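In this text, residue positions in the sequence shown follow our numbering: the first is -11, and each later residue adds one.
Just to be clear, a hint being listed does not mean it is correct.
Unchecked claim - Subject to a maximum C-alpha distance of 30 angstroms in a straight line, what follows is the list of computed DSS-like cross-link-like pairs (lysine-lysine): (1) Lys44 <-> Lys30; (2) Lys2 <-> Lys41; (3) Lys41 <-> Lys56; (4) Lys30 <-> Lys40; (5) Lys30 <-> Lys2; (6) Lys13 <-> Lys30; (7) Lys41 <-> Lys30; (8) Lys2 <-> Lys13; (9) Lys9 <-> Lys41; (10) Lys30 <-> Lys9; (11) Lys56 <-> Lys44.
None of these hints come from the bench; they were simulated from the model. For clarity, every value in this text was computed on a predicted model and none was experimentally measured.
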Amino acid sequence: MSIAVFMNPAQDAKVYPVSLKEGEKSLLEEPITYAEMNNRHKTRYLEIVRLKKLAKEVNWSQEELDLKLSQLN
């Protein structure tokens, strides 16, 4: 198996939730495609960047920014 399989997976490859300890919540509810997972990641990243830029423009305190970022999850 090549490392390229992990570096550049097929876009329709399935990503499955990992096994967790009892009581922990999974990040994924059901299996999704790699393309969908990648899209979610990019969307979340762009939202974080947007909030940080807004925080700088509006002069939010670090606590306010942290609160807004924690609400993204």
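Each hint, compared with the structure:
At most 30 angstroms may separate the alpha-carbon atoms for a hinted pair to count; lysine 44 and lysine 30 meet this at roughly 21 angstroms. For the hint pairing lysine 2 with lysine 41, the CA-to-CA distance comes to about 34 angstroms; that exceeds 30 angstroms, so the pair is violated. In summary, the hint linking lysine 41 to lysine 56 is supported, as the alpha carbons are separated by about 12 angstroms, within the 30 angstroms threshold. Of the supplied pair hints, the one linking lysine 30 and lysine 40 holds, its CA atoms being roughly 15 angstroms apart against a limit of 30 angstroms.
Between lysine 30 and lysine 2 the alpha-carbon distance is near 18 angstroms, which keeps this suggested pair within the 30 angstroms criterion. Our distance criterion of 30 angstroms between C-alpha atoms is met by lysine 13 and lysine 30, whose separation comes to about 22 angstroms. Among the hinted pairs, lysine 41 with lysine 30 is consistent with the structure: their alpha-carbon atoms are about 17 angstroms apart, no more than 30 angstroms. The straight-line distance between the Cα atoms of lysine 2 and lysine 13 is roughly 20 angstroms, inside the 30 angstroms bound, and the hint therefore holds.
As the CA atoms of lysine 9 and lysine 41 are separated by approximately 37 angstroms, the hinted pair breaks the 30 angstroms bound. The hinted pair formed by lysine 30 and lysine 9 meets the criterion: a straight-line CA distance of about 28 angstroms does not exceed 30 angstroms. Note on lysine 56 and lysine 44: the hinted pairing holds, with a Cα-Cα distance of about 13 angstroms set against a maximum of 30 angstroms.
In this structure, the earlier hints numbered 2 and 9 are contradicted, and the remaining ones agree with it.
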